[in-house]
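S.K.: Mind assembling these two chains? They're in different frames, but the hints should get you there.
The listed protein sequences correspond, in order, to chains R and S. Going by the working numbering, the letters in the first sequence line up with residues 1 to 407, in that order. Going by the working numbering, the letters in the second sequence line up with residues 1 to 82, in that order.
Do not take every clue at face value.
Below, simulated DSS-like cross-link-like pairs (lysine-lysine); rule was C-alpha separation at most 30 Å, straight line [what the hints assert, rightly or not]: (1) R:K252 to S:K58; (2) R:K252 to R:K135; (3) S:K58 to R:K347; (4) R:K353 to R:K298; (5) R:K37 to R:K135; (6) R:K135 to S:K58; (7) S:K58 to R:K350; (8) R:K83 to S:K77; (9) R:K88 to S:K77; (10) R:K135 to S:K78; (11) S:K56 to R:K267; (12) S:K58 to R:K298; (13) S:K56 to R:K298; (14) R:K347 to S:K9; (15) S:K56 to R:K88; (16) S:K58 to R:K88; (17) S:K58 to R:K267; (18) S:K9 to R:K353; (19) S:K56 to R:K350; (20) R:K351 to S:K9.
Just so you know, the hints here were simulated from the structure itself, not pulled from any lab data. Note that the structure is predicted; figures quoted are calculated from it, not measured.
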Amino acid sequence: MYESLFLTSIEDVALISAYVSIAFIVGFLQRYSSIFKYLFSILNIGAVYYFFFYEPEKLNLEIFIPLILFALIHWLLLWQVNKMKVEKPSLYWLAFLSPVLMMIFIKAQSVIVVVGVSYLAFRMALAAFELRENKQLFPNLIDYLGFLLFPVSFMAGPINPLSNHMSTLNNRQISLHNIKFGLLRILIGYIKFRFIATFVNQLSFTVFWDNGYQMDWVDFIVSSTAYYLYLYMNFSGYTDMMVGIASILGIKMKENFNHPLKARNIKDFWRRWHLSLTDFLKDAVFTPIMLQLTRFSKGRYLNSIAIVSITSLFMVMALWHGFELGYFIFYAFHALAFSLVHISELKWRKKSKISFNRYMNNQFSLWFGRIATFMFLGVTCAFLELRTYDKISQTLSDIGFNGFNLI
Amino acid sequence: MDNSEILTKLQPVFQEVFDEDDLIVTPQMTADDVDEWDSLSNVRLMISIEVEFGIKVKASEVANLSHVGLLVDLISKKLNQI
Numbered sequence: 001m002y003e004s005l006f007l008t009s010i011e012d013v014a015l016i017s018a019y020v021s022i023a024f025i026v027g028f029l030q031r032y033s034s035i036f037k038y039l040f041s042i043l044n045i046g047a048v049y050y051f052f053f054y055e056p057e058k059l060n061l062e063i064f065i066p067l068i069l070f071a072l073i074h075w076l077l078l079w080q081v082n083k084m085k086v087e088k089p090s091l092y093w094l095a096f097l098s099p100v101l102m103m104i105f106i107k108a109q110s111v112i113v114v115v116g117v118s119y120l121a122f123r124m125a126l127a128a129f130e131l132r133e134n135k136q137l138f139p140n141l142i143d144y145l146g147f148l149l150f151p152v153s154f155m156a157g158p159i160n161p162l163s164n165h166m167s168t169l170n171n172r173q174i175s176l177h178n179i180k181f182g183l184l185r186i187l188i189g190y191i192k193f194r195f196i197a198t199f200v201n202q203l204s205f206t207v208f209w210d211n212g213y214q215m216d217w218v219d220f221i222v223s224s225t226a227y228y229l230y231l232y233m234n235f236s237g238y239t240d241m242m243v244g245i246a247s248i249l250g251i252k253m254k255e256n257f258n259h260p261l262k263a264r265n266i267k268d269f270w271r272r273w274h275l276s277l278t279d280f281l282k283d284a285v286f287t288p289i290m291l292q293l294t295r296f297s298k299g300r301y302l303n304s305i306a307i308v309s310i311t312s313l314f315m316v317m318a319l320w321h322g323f324e325l326g327y328f329i330f331y332a333f334h335a336l337a338f339s340l341v342h343i344s345e346l347k348w349r350k351k352s353k354i355s356f357n358r359y360m361n362n363q364f365s366l367w368f369g370r371i372a373t374f375m376f377l378g379v380t381c382a383f384l385e386l387r388t389y390d391k392i393s394q395t396l397s398d399i400g401f402n403g404f405n406l407i
Numbered sequence: 001m002d003n004s005e006i007l008t009k010l011q012p013v014f015q016e017v018f019d020e021d022d023l024i025v026t027p028q029m030t031a032d033d034v035d036e037w038d039s040l041s042n043v044r045l046m047i048s049i050e051v052e053f054g055i056k057v058k059a060s061e062v063a064n065l066s067h068v069g070l071l072v073d074l075i076s077k078k079l080n081q082i
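Excised from the complex, chain S in its bound form (with noise of 0.2 Å):
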């Protein structure tokens, strides 16, 4: 699975877990830029992105990850690994 595809998986699972619908998610994004990603949620976006991509992350790669490209790399290293 290449970045893009990743990034289009990673579009209506951004969209449920911060219930909004016309949310567009790009390498670019910030937790700045949604309301509701504060560190609470963020939980919530890694396990439902568990469950998507079939990965386990750790919390030490989640304290790693500023924007939604690194997110984007760091799926993409790890369905590599599987």
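If we strip away everything but chain R, and leave its shape as in the complex, we get (with noise of 0.2 Å):
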């Protein structure tokens, strides 16, 4: 999946380790002089044109000048927020929205592919986000482009928040603690990505989905199990050498997993899978729309807004990722799944709290569930995978449900 510039072969990893050393060096000068700080920042920006869009034969400045641009016109927003003593509710929304629409027009069209431009949207959200509340927090433009084409996080997360990035840049902590921490990290995340990854994607056998050959549906939970199990050590070992080399750098990154192998049910999984993602989309699509439902129902109906706010967060997941179907269906299930969760806990609970809280500490219940949250997992990831209309019903043809047809 996040098969990059980063680790896929020699020239690769010098290039990379490249980038660190300087980027080492100018960060462990910073101490001695501000503008190393601003020096770091250049050099973000130049690794970040080099590594993800120059190639040899092709500069694609027609792809990368207009987003700096983009981004120029966004700090230009952000500093028109930031100095308006009382607040311009539309300017705000100008700032917080035009990434995400730009977001929208990039991957509505087939012709021009920027890599990282979700995160990238959605870190300029976030930073307008952030900086309505917490105006001392706006950076200078070098400092935000820097910030906003850090290469670490750049293609593929997290999706640091800009407060996170800039505490850590104007206080760097560059300490033998944070390299071996950062090495350590490194380490994991590429036993997970090169070994572990690749192991379980020999399970997964996906070639076999959606060409015709005809397979039992045990066969297929057991492929697709294997692919969400692919899909985490491939992301979180990525995010683990992304962490590890921030913090050698002295960059705190946001945590994008908390053992999501351990979520006892689907809303447990939401509170550890790509947190970078969930926390920002919680605060700025899950709560606004559910504050404001409740308050004008007055408080009643409480259950029907909480899964209409629940659905639209996942539907705003499922258009980050693109425009397939697949996307749509699979975060269809996990919004329901959510749902009758919340709503069976919420309703247990009031019921009987000692008898919820003795299903809460129970053993069996703890692992009954925990597997079945893996399954559930597991046979929803196809979906990522498939995508398509087409390959969505040629592989459920392919496994016995020939009745599948959505038109």
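M.R.: Next up, the structure:
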């Protein structure tokens, strides 16, 4: 999934090592002069261009320069939002929504492909969200570009909040402890990314999906579950390496995972998976929708409001991935399961707190829940891989669901 | 209204939202300290606080509240603006 410049060949390892070495020296020298802070940001911008846009036979400046210009306009918008003594909501919403609209525009067309655009757009929107309440956070232009174009998180996150980046950039902690921690995370991440993910990917045999190969539904569940494990090992391994590199450079990165395999239900799972994305969407999508609807309904229909807010959150996540049907099916299943867990927990707790607490503390129910959640993830993750209607219907027909027809 | 009065007034609000009669609210308290305190019940809490104190909170303000002490500060700030 995250087969990038990073770690796919010796040349790539050499390139990233060169970047880390220079960035480390520049970061270390920052304690002597703040000019090195700006040099670090400029180094980041150059590294992102070189790693993700430049090709020997094609400069790709027609993509990179508009991106920089868009970031510049966004910074000017943030500056305007920041200097207003009385807040103008329209200006804030423009700063918040314009990167999201840019992302939708780029994803909706197929002519230009911009690497990391979803992460970039959400970093910008999150910066607007944070700056609304924390005006001291406002960065200068160079720091802002260096934050948006930080090569470590540019392609696949984590969606590091501006507050995290700026607080550590202004107060660099380049220490032996952080270097040791960083190296350990890189090692763990590399083992997960290169070896475990590759191994479980062999078990997933996704190449047999959607190509007319008749398989038993049990085979499909095994295959799909291995695919889920592959996604987790690949994504979390990549994140471990990026968090590790950032730690060596004295930059604190938001963690993306909190043992998702331990989740006892889907609600619990989403408190543990892709946290940099879900935390942001919880604050910026879920809470405002639920607050407004609850106020509007004067506190009535709370369960219905919760379902609408949960579904909205998951649909935005689907949109963030792209426009393919598989994403929407995956997130629709998760919205449904999440809502069911939430409402049943609420009702159970209300009916008998003692019985609910007994269930929560029971080892059998814990492990049953973990296995059921794992299986649910395993089956639904197939939609993330299959994506299109044709592939989904072909695969379902291959495993015996011949009646599947949406139209 | 000072912060200790706000905290006292918050006590029954928390007890009702989280359905725990013996819940003691402290400035250091975080969402991790109450089993039922998740993002869904947090919205119910904010709405109850809006009704109790006659204020209105923004979603971006809610996002910054990592512990009850900050919630008390926010309520105090809002009450001073009225």
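S.K.: Hint check: R:K351 vs S:K9, CA-CA at most 30 Å. Holds or violated?
M.R.: holds, 27 Å
S.K.: CA of R:K347 to CA of S:K9, is that 30 Å or under?
M.R.: Holds. R:K347 to S:K9 sits at ~27 Å (cutoff 30 Å).
S.K.: Does R:K88 sit within 30 Å of S:K56, going by the straight-line distance between their CA atoms?
M.R.: With a Cα-Cα distance of about 17 Å, the restraint between S:K56 and R:K88 holds, given a limit of 30 Å.
S.K.: Does S:K58 pair with R:K298 here, judged by a C-alpha cut-off of 30 Å?
M.R.: It holds: about 17 Å lies between the C-alpha atoms, which stays within 30 Å.
S.K.: Starting from R:K252, check that the Cα of R:K135 is at most 30 Å away, please.
M.R.: With a Cα-Cα distance of about 21 Å, the restraint between R:K252 and R:K135 holds, given a limit of 30 Å.
S.K.: Holds or violated: R:K88 with S:K77, Cα cutoff 30 Å?
M.R.: holds, 20 Å
S.K.: Keeping to a limit of 30 Å between CA atoms, is the pair of S:K58 and R:K350 held or broken?
M.R.: holds, 29 Å
S.K.: Between S:K56 and R:K267, is the straight-line Cα distance small enough, at 30 Å or below?
M.R.: Holds - the C-alpha atoms of R:K267 and S:K56 are around 28 Å apart, at most 30 Å.
S.K.: Checking one constraint from the list: CA of S:K56 to CA of R:K298, max 30 Å. Satisfied?
M.R.: Distance of about 14 Å is within 30 Å: holds.
S.K.: Are R:K135 and S:K78 close enough, with their CA atoms no more than 30 Å apart?
M.R.: Distance of about 18 Å is within 30 Å: holds.
S.K.: Need the status of pair R:K135, S:K58: alpha-carbon distance at most 30 Å?
M.R.: Between R:K135 and S:K58 the Cα gap is close to 16 Å, so the pair holds against 30 Å.
S.K.: For the pair we were handed, S:K58 and R:K347, check the Cα-Cα distance against 30 Å.
M.R.: holds, 28 Å
This entry satisfies every hint, going by the numbered hints stated previously.
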